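Participant: Protein sequence lines correspond, in order, to chains S and E. Numbered according to the working numbering, the first sequence terminates at residue 310, and the numbering increases by one at each position without gaps. Numbered according to the working numbering, the second sequence terminates at residue 310, and the numbering increases by one at each position without gaps.
Each hint can be trusted.
All copies of an identical chain are treated as equivalent in the list; a pair is satisfied when it fits inside any one copy or across any two copies.
When the alpha-carbon atoms are kept at most 25 Å apart in a straight line, the in silico PhoX-like pairs for lysine-lysine are as follows:
no.	residue 1	residue 2
1	Lys265	Lys284
2	Lys50	Lys89
3	Lys265	Lys293
4	Lys89	Lys104
5	Lys166	Lys306
6	Lys104	Lys139
7	Lys293	Lys104
8	Lys280	Lys265
9	Lys305	Lys228
10	Lys280	Lys228
11	Lys108	Lys139
12	Lys284	Lys228
13	Lys228	Lys166
14	Lys133	Lys104
15	Lys228	Lys265
16	Lys293	Lys228
17	Lys112	Lys133
18	Lys108	Lys89
19	Lys228	Lys306
20	Lys115	Lys50
Bear in mind the hints are in silico, worked out from the structure with no lab data behind them. The structure displayed is predicted, hence computed values, not measured ones.
Each chain is listed here by its residues.
2 protein chains.
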Amino acid sequence: MVITIIGLGLMGGSAAIDLKKRGFASHIIGVDTDSINANAALHIGFVDELMEMDEAIAKAELIILAIPADAAMKVLPKVLDKIGKQVVTDMCSTKGTLLEWVKYHPNRKQFVAAHPMAGTEFSGPWAAISGLYDSKAVIMCDTEDSDIRAVAVTKRMFETLNMRVIYMNGANHDVHAAYISHISHISSFALALTVLEKEKNEKHIFDLASGGFDSTVRLAKSSADMWTPIFSQNKDNVVTVLTTYINKLKEFRKHIENDEPEKIRQLIQESNRIKKVLFR
Amino acid sequence: MVITIIGLGLMGGSAAIDLKKRGFASHIIGVDTDSINANAALHIGFVDELMEMDEAIAKAELIILAIPADAAMKVLPKVLDKIGKQVVTDMCSTKGTLLEWVKYHPNRKQFVAAHPMAGTEFSGPWAAISGLYDSKAVIMCDTEDSDIRAVAVTKRMFETLNMRVIYMNGANHDVHAAYISHISHISSFALALTVLEKEKNEKHIFDLASGGFDSTVRLAKSSADMWTPIFSQNKDNVVTVLTTYINKLKEFRKHIENDEPEKIRQLIQESNRIKKVLFR
Numbered sequence: 031m032v033i034t035i036i037g038l039g040l041m042g043g044s045a046a047i048d049l050k051k052r053g054f055a056s057h058i059i060g061v062d063t064d065s066i067n068a069n070a071a072l073h074i075g076f077v078d079e080l081m082e083m084d085e086a087i088a089k090a091e092l093i094i095l096a097i098p099a100d101a102a103m104k105v106l107p108k109v110l111d112k113i114g115k116q117v118v119t120d121m122c123s124t125k126g127t128l129l130e131w132v133k134y135h136p137n138r139k140q141f142v143a144a145h146p147m148a149g150t151e152f153s154g155p156w157a158a159i160s161g162l163y164d165s166k167a168v169i170m171c172d173t174e175d176s177d178i179r180a181v182a183v184t185k186r187m188f189e190t191l192n193m194r195v196i197y198m199n200g201a202n203h204d205v206h207a208a209y210i211s212h213i214s215h216i217s218s219f220a221l222a223l224t225v226l227e228k229e230k231n232e233k234h235i236f237d238l239a240s241g242g243f244d245s246t247v248r249l250a251k252s253s254a255d256m257w258t259p260i261f262s263q264n265k266d267n268v269v270t271v272l273t274t275y276i277n278k279l280k281e282f283r284k285h286i287e288n289d290e291p292e293k294i295r296q297l298i299q300e301s302n303r304i305k306k307v308l309f310r
Numbered sequence: 031m032v033i034t035i036i037g038l039g040l041m042g043g044s045a046a047i048d049l050k051k052r053g054f055a056s057h058i059i060g061v062d063t064d065s066i067n068a069n070a071a072l073h074i075g076f077v078d079e080l081m082e083m084d085e086a087i088a089k090a091e092l093i094i095l096a097i098p099a100d101a102a103m104k105v106l107p108k109v110l111d112k113i114g115k116q117v118v119t120d121m122c123s124t125k126g127t128l129l130e131w132v133k134y135h136p137n138r139k140q141f142v143a144a145h146p147m148a149g150t151e152f153s154g155p156w157a158a159i160s161g162l163y164d165s166k167a168v169i170m171c172d173t174e175d176s177d178i179r180a181v182a183v184t185k186r187m188f189e190t191l192n193m194r195v196i197y198m199n200g201a202n203h204d205v206h207a208a209y210i211s212h213i214s215h216i217s218s219f220a221l222a223l224t225v226l227e228k229e230k231n232e233k234h235i236f237d238l239a240s241g242g243f244d245s246t247v248r249l250a251k252s253s254a255d256m257w258t259p260i261f262s263q264n265k266d267n268v269v270t271v272l273t274t275y276i277n278k279l280k281e282f283r284k285h286i287e288n289d290e291p292e293k294i295r296q297l298i299q300e301s302n303r304i305k306k307v308l309f310r
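Next up, chain S with everything else stripped away, as it sits in the complex (with noise of 0.2 Å):
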């Protein structure tokens, strides 16, 4: 299969690299408009040729969008207008906002929405790496509005980069995703913050980073250009996750203010639950 990918980035870039290898394209077709990012991945080589995007769209048989939140907003509406039978897919981790936006386009049937749940906290051609998405959950949404064929193709592919395949409304898609993902990235973009305004004054402080803090501190160095959309977009589930989590901070600081150390320790033994769900 001709496969076009429009964001040639960590994302489109780590697929692209999966697809080619395990058979399910042919050729890849490449479209970004930072042409730093597109020559990088040509030369890295996960895709064949590189175009612009109307021919790039015209020329395939699976379009797949792996570019922020936001350029996905301008750019969708604008594929769709331009396809014929193709199928089209994206990655964002927003899907409310941006199925709100196409429901009425005469071709949404041929657009699939999915938020593959993958990443690593760093962004561009360099890098994509095989194996990104392997044993993660991919989610489709509203897949009742789609055609039958353009699921079964989007399947397809992210089953081919051996993901499980969730199905979930988009507005339910969103309320999780704030919870298992926004809100890990802002707690980690937080605590950045914290600890370089501390750094002013001290600056070895850095020198003491353990395994602990650099694990928290990690999503820290995400692209704010893929997350800034993403706050905005999913706004309302973001607050109300955000709050939630700021008062669960506050009763940590509470108990420690007040030297209550038995209920420190059953808010932590509390917390200690997650064990049990994430064992591995």
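With chain S fixed as given, assemble chain E onto it according to the hints.
Facilitator: Then chain E, alone, in the frame of chain S:
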């Protein structure tokens, strides 16, 4: 050298494995008030024999306390009461309170306060692993109050564990530990609580945990026995850093609520500076 390790969990066990393997310890005596832990340590094989504390102190040249911070407050003075020429060190994550506590003990000079900045989210003797301490930092505190020979022995021990030694006073240590280690743990405990509260209603949220969520919530598996006394003993610093952290989260919330993507982007980009510090 004959070494007695008091507390046969993750920290004590991991030290035992590598001190023996690398020839620093000729014989390791284990002490643990929890008989399940003690017998597991003997069966796993990282201690050569188990003893009651008084006898274990008498037979050792170096005594390592690898117990929670509240237990250390009780046990350290008792150990110092019993020793002759033996050197005593500890591994607690808070230093100020403990150092105040034994400041005027007649054998204070035999004690070297240390905090190896290493660990995992697991606990107990079955969590002990070789290499836990490799290439991490150990902070030795107020060493001017310790005997030169005691400092030298302790330093050689930590260097055998491939640790980088940093010297600091106890009060400074506690500030750094709050920013680098303690806040990461509270951040993670609170994140787990936030998600678990939601999960009451929506069970399959956990199907969706991707790499980002796993790494930020990993520390929430950490032991309440270890962490409760740390937060209590380092109360003032932890409350300060927690307040800064909550304020950073509120900044995110404000800009998301007010539809200010440029300000969200600025916060993320500022937090991205952590890349330069933790480029690895």
